[in-house]
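A.B. asks: Sequence:
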Amino acid sequence: MKPKTLRQAVVIGTGQMGPGIAYTLASAGLNVTLCGRSPESMEKGMAAVRRGAGLLAAEGIITEEFQESVFSRISGTYQPEPVLPTADLVIESIVEDLSIKQALFSRIEPLCPVDALLTSNTSGLPATRLASSLKHPGRFAVTHFWNPPHLMPLVEVVKGENTSPDTVDVLLTLLKTAGKKPVAVLKDTPGQLGNRLFHALIREGIHIVEEGIATAGDVDVAASYGFGRRLPAYGVLTHQDAVGLDMVYAIQSYLCRSLCNATEPAAVLKEKVESSELGVKSGRGFFDWKKRDIREIVEKRDRFLVDLLKSEKDEQTGK
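Going letter by letter, the sequence shown gives residues 0 to 318 in numbering that gives the first Met the number 0.
Hints are computed from structural coordinates only; laboratory data are not their basis.
Each residue gets a CB set at the ideal place from its N, CA and C atoms; glycine is no exception.
Hints are not guaranteed to be accurate.
Once the Cα atoms are required to be at most 30 Å apart in a straight line, the calculated DSSO-like pairs of lysine-lysine come out as [as the list claims (entries may be wrong)]:
# : residue 1 : residue 2
1 : 43        : 180
2 : 175       : 134
3 : 299       : 180
4 : 43        : 175
5 : 134       : 100
6 : 186       : 100
Have a look at the derived ranges for each label pair, beta carbon to beta carbon [to be verified]:
#  : residue 1 : residue 2 : range
7  : 238       : 303       : 17 to 23 Å
8  : 168       : 255       : 33 to 39 Å
9  : 282       : 303       : 39 to 45 Å
10 : 244       : 105       : 45 to 51 Å
11 : 301       : 113       : 37 to 43 Å
12 : 15        : 223       : 19 to 25 Å
13 : 249       : 85        : 57 to 63 Å
Let the sequences and hints guide you as you build the complete structure.
C.D. replies: Okay, structure coming up:
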């Protein structure tokens, strides 16, 4: 069944992702209800929407008039049941637990129109299993936004085994209208697309530290100031074509055999977890976080992402 035009959306979850997703949908012209678990979480989510949009307006990425129009299309609630019968699109962004997400979809599907699209913001759970309890799995897909969603353009649209092609097409069109860079993940595979690429890099980075090849700090420097610097300009496979596939083949003929091909988490990672060296949350991981301020790092990240968005906007407007 071809989905109807999307006008009304419901976003369930007001944590790190839900508010930014609500902003994205409202920026595409949809009326959005952002659902929290309580009045307090609802207000927290609405405040996050205002902060995110306020940053974009302050930096000149959107106008104040556009900001106000987006605000006018977003409302909050902690009782989603009354708004589900008129929803054209429902996106859940709750705890990353398969059974909890399945239970949510089983509960809300009977309350939604039969042609409403249902999606999950999971970063890696299988789309097919998430939709396994649905009576109409053809209208289900994963829409994985990247954090922070108001600053990161990528959204992965993951097709489950029973997802309708129309569902994917409508979601891709919507996300492009919202100014995102959506990609279609055509096979329901663990880690989707971006996280498969990213965790291959993480695995090799941890392996390098474990083998004593370089320190954790120098791994980060190499990633940030080496190949990472050119990734916003062009992607990894474009780079291979640029340097020549014969050269890539020659390098891989000797390099691949020395790369980490582990199918389980690294021993050093297991040791750190068992020693409660969990990173920022415990004060130590690969780095000593008593000597580093994560807030400064997040601010630096967001400034970099804002500058990229401004540069892309200038390119589009010919400035």
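A.B. asks: Confirm or reject each hint.
C.D. replies: Comparing the hints with the structure gives:
About 27 Å separates the Cα atoms of residue 43 and residue 180, which keeps this hinted pair within 30 Å; it holds. Among the hinted pairs, residue 175 with residue 134 is consistent with the structure: their alpha-carbon atoms are about 29 Å apart, no more than 30 Å. Proximity of residue 299 to residue 180 is assessed by CA-CA distance (about 23 Å); at most 30 Å being required, the pair is judged to hold. About 28 Å separates the Cα atoms of residue 43 and residue 175, which keeps this hinted pair within 30 Å; it holds.
Only pairs whose Cα atoms come within 30 Å are accepted, and residue 134 paired with residue 100 is accepted, the gap being roughly 15 Å. For the given pair, residue 186 sits about 20 Å from residue 100 by alpha-carbon distance, which is consistent with the 30 Å threshold. A hinted range of 17 to 23 Å holds for the C-beta pair residue 238 and residue 303, which are about 20 Å apart. At roughly 37 Å, the beta carbons of residue 168 and residue 255 sit within the given window of 33 to 39 Å.
At about 25 Å, the CB distance of residue 282 to residue 303 disagrees with the hint of 39 to 45 Å. For residue 244 and residue 105, the hinted distance range of 45 to 51 Å is satisfied, since their beta carbons lie about 48 Å from each other. The supplied range of 37 to 43 Å is met by residue 301 and residue 113, whose beta-carbon atoms lie about 40 Å from each other. For residue 15 and residue 223, the hinted distance range of 19 to 25 Å is satisfied, since their beta carbons lie about 22 Å from each other.
Between residue 249 and residue 85 the CB atoms are about 59 Å apart, so this pair conforms to the stated range of 57 to 63 Å.
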